[in-house]
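Chains as they are written, first to last, in our numbering: chain A, 1 to 222; chain B, 1 to 271.
Mixed in with the good hints there might be a few duds.
Said to hold, decoys possible - Not everything, but these chain B residues come out facing chain A in the computed CB check (under 10 Å):
| id | residue |
| --- | --- |
| 1 | L30 |
| 2 | R32 |
| 3 | L142 |
| 4 | Y146 |
| 5 | G163 |
What the hints assert, rightly or not - Quick list of in silico lysine-lysine cross-link-like pairs, PhoX-like style, CA-CA up to 20 Å:
| id | chain 1 | residue 1 | chain 2 | residue 2 |
| --- | --- | --- | --- | --- |
| 6 | B | K165 | A | K51 |
| 7 | A | K47 | B | K81 |
| 8 | B | K81 | A | K94 |
| 9 | A | K65 | B | K165 |
| 10 | A | K99 | A | K3 |
| 11 | A | K94 | B | K165 |
| 12 | A | K101 | B | K81 |
| 13 | A | K47 | B | K165 |
| 14 | A | K51 | A | K65 |
| 15 | A | K51 | B | K78 |
| 16 | A | K65 | A | K47 |
Don't read these hints as lab results, they were simulated from the structure.
By construction, the Cβ of each residue, glycine as well, lies at the ideal position given by its N, Cα and C atoms.
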Amino acid sequence: MIKAENLSFSYSGSSPFILNGLELEIKDGEYVSIVGDNGCGKSTLLKLILKFIRPTRGSIVSDAKKIGYVPQKSDGANSGFPITVWEMLNSYSKLLKIKDKSVVSESLRQVGLSEHSRSLMGNLSGGQAQKALIARALMGSPDLLILDEPSAGVDIDSQREIYAFLKKLNQECGMTIVSVEHNLDAAISNSTAIFHLHGGHGHFCTPEKYSAEYLGKDDRHA
Amino acid sequence: MLSYGFMQNAFFVSLFISILCPCIGVFLVLRRYSMIGDTLAHSSLAGITIGLLFNQSPVLGAFIFTSICGALIEFLRKYFKKYTDLILTIVLALSVGTAITIISSGKLHTSADSFMFGSILTVTKTDMIMVAVLSVISVLTLVFLYHQMVYIAYDEEAARVAGVKAGLINYVFFVLVASAISVSIRIVGVLVLSSMIALPVATALQLEKGFKTTLLFSIVFSMIDIMTGLVISYYLNVAPGGFTALVSVFVLIVVMAGKKIYYSTKATSKA
Numbered sequence: 001m002i003k004a005e006n007l008s009f010s011y012s013g014s015s016p017f018i019l020n021g022l023e024l025e026i027k028d029g030e031y032v033s034i035v036g037d038n039g040c041g042k043s044t045l046l047k048l049i050l051k052f053i054r055p056t057r058g059s060i061v062s063d064a065k066k067i068g069y070v071p072q073k074s075d076g077a078n079s080g081f082p083i084t085v086w087e088m089l090n091s092y093s094k095l096l097k098i099k100d101k102s103v104v105s106e107s108l109r110q111v112g113l114s115e116h117s118r119s120l121m122g123n124l125s126g127g128q129a130q131k132a133l134i135a136r137a138l139m140g141s142p143d144l145l146i147l148d149e150p151s152a153g154v155d156i157d158s159q160r161e162i163y164a165f166l167k168k169l170n171q172e173c174g175m176t177i178v179s180v181e182h183n184l185d186a187a188i189s190n191s192t193a194i195f196h197l198h199g200g201h202g203h204f205c206t207p208e209k210y211s212a213e214y215l216g217k218d219d220r221h222a
Numbered sequence: 001m002l003s004y005g006f007m008q009n010a011f012f013v014s015l016f017i018s019i020l021c022p023c024i025g026v027f028l029v030l031r032r033y034s035m036i037g038d039t040l041a042h043s044s045l046a047g048i049t050i051g052l053l054f055n056q057s058p059v060l061g062a063f064i065f066t067s068i069c070g071a072l073i074e075f076l077r078k079y080f081k082k083y084t085d086l087i088l089t090i091v092l093a094l095s096v097g098t099a100i101t102i103i104s105s106g107k108l109h110t111s112a113d114s115f116m117f118g119s120i121l122t123v124t125k126t127d128m129i130m131v132a133v134l135s136v137i138s139v140l141t142l143v144f145l146y147h148q149m150v151y152i153a154y155d156e157e158a159a160r161v162a163g164v165k166a167g168l169i170n171y172v173f174f175v176l177v178a179s180a181i182s183v184s185i186r187i188v189g190v191l192v193l194s195s196m197i198a199l200p201v202a203t204a205l206q207l208e209k210g211f212k213t214t215l216l217f218s219i220v221f222s223m224i225d226i227m228t229g230l231v232i233s234y235y236l237n238v239a240p241g242g243f244t245a246l247v248s249v250f251v252l253i254v255v256m257a258g259k260k261i262y263y264s265t266k267a268t269s270k271a
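Modelling step: build the complete structure from the supplied sequences, incorporating the hints.
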């Protein structure tokens with residue numbers, strides 16, 4: 001479970017706050033998509049859950065024992081780094097102190113990347129790179145999977161495969177998934193709940209209700 | 001040539017340099033920290049002068065002062081997040097300021113010139129012991145922290161999620177950089193030291209292979225550069241540091257040209 005109470009955050013430590021008195025509760029086994037306009041604090045909220053940054057006020061806690069994290073493709077990772085898919089996963093398995101030597105090949109098989117194990121990460125397509133990062137996040141069997149825009153820079157076919165895989169993880173394995181989404185169709189079709197961030201606050205709604213609100217806005221613009 | 005004791009010493013030290021420098025250099029280059037190598041090379045000059053001032057081993061002086069400057073760079077990164085290049089200017093000012101003040105004071109009993117350009121003749125037995133000890137400890141630390149260091153260089157956020165203490169390992173990394181620099185200054189010299197750290201890696205990167213292969217080829221190119229530089233500089237009677245830097249640029253150009261020819265031949269045969 002993830003619980004945030006009166007959560008506020010500002011990069012400068014003072015006003016204006018990106019998140020301002022936010023309340024949030026995500027139960028185990030949920031698939032929550034966090035949506036909202038650019039700059040509303042979606043990725044900041046993920047960083048707070050991951051403890052990369054600390055709240056300015058309030059609190060956020062998670063009782064997940066193991067967390068898997070899939071960053072935005074353009075974030076964090078050094079794109080010019082000469083590392084093969086196999087090396088990337090193998091080193092990560094060593095960081096997690098996984099002794100099972102088959103874990104790398106099993107992770108690659110899970111996401112359908114076995115034949116690309118010797119390819120350089122920088123030479124993969126957007127979809128393949130995202131699948132490799134998901135394979136990495138799933139190592140060590142996490143109970144919470146956090147994704148930051150999993151469909152960014154990914155072609156339509158790969159998007160379909162990735163979301164079907166995430167849905168399967170949530171429904172069949174009971175994995176809790178929290179994903180920042182710009183892809184509203186994917187958020188509506190796959191999530192069990194949607195958390196809409198706006199003006200530093202957020203509210204939960206069902207995918208059906210969000211779909212109606214979202215489509216309603218589309219109608220008004222039409 | 002090898003019948004001379006000073007050449008045997010020079011080859012002994014060069015062997016350690018050619019292994020240690022690319023091992024550290026590969027992480028510096030891939031983290032876009034090549035200029036930190038240059039800054040810390042200047043810090044080593046200050047360390048040498050401090051060592052000479054107190055009649056201690058200049059290599060030890062260089063190692064301690066360069067380690068302190070490396071830690072200072074990591075510490076200042078938190079304060080100058082948006083102006084990281086300023087950190088290097090600050091550390092450079094501290095280092096060069098210290099070195100010039102001590103050299104110009106006239107209190108040194110030995111000249112620090114040989115450390116600027118590198119010299120085969122000045123390698124002492126004490127230096128050799130220091131070089132061997134620092135190199136072995138550094139390589140063993142690198143082997144022990146290999147996966148953590150790879151991940152911090154490749155994706156620091158993912159490393160932190162996996163529980164890696166990135167801050168602590170960054171400090172250890174700068175001690176390793178200090179060690180590689182201290183080991184190399186006798187032969188290579190302060191002025192071209194950063195090129196010995198970066199150029200073999202730049203050459204290996206042309207091969208477009210995975211990390212382990214890039215690291216191994218960096219060591220191979222480093223050995224070619226340093227050993228060839230040492231032998232030719234002996235016959236030409238010039239400073240080994242400068243000539244080794246020239247050899248490393250030449251090897252890089254040869255590999256780049258070879259790569260271009262390989263790809264054009266491949267494209268022609270396909271057509």
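Taking the hints in turn, this is what the structure says about them:
1. L30: 6 Å, holds
2. R32: 8 Å, holds
3. L142: 14 Å, violated
4. Y146: Cβ of Y146 of chain B sits 8 Å from chain A, so the hint holds.
5. G163: 7 Å, holds
6. B:K165 <-> A:K51: Holds, at about 13 Å.
7. A:K47 <-> B:K81: 18 Å, holds
8. B:K81 <-> A:K94: Not OK: K81 of chain B and K94 of chain A at ~30 Å, beyond 20 Å, violated.
9. A:K65 <-> B:K165: 18 Å, holds
10. A:K99 <-> A:K3: 33 Å, violated
11. A:K94 <-> B:K165: With Cα atoms ~14 Å apart, K94 of chain A and K165 of chain B stay inside 20 Å; holds.
12. A:K101 <-> B:K81: The given pair, whose Cα atoms are some 39 Å apart, is violated under the 20 Å limit.
13. A:K47 <-> B:K165: 17 Å, holds
14. A:K51 <-> A:K65: Holds, at about 14 Å.
15. A:K51 <-> B:K78: 17 Å, holds
16. A:K65 <-> A:K47: Holds. K65 of chain A to K47 of chain A sits at ~17 Å (cutoff 20 Å).
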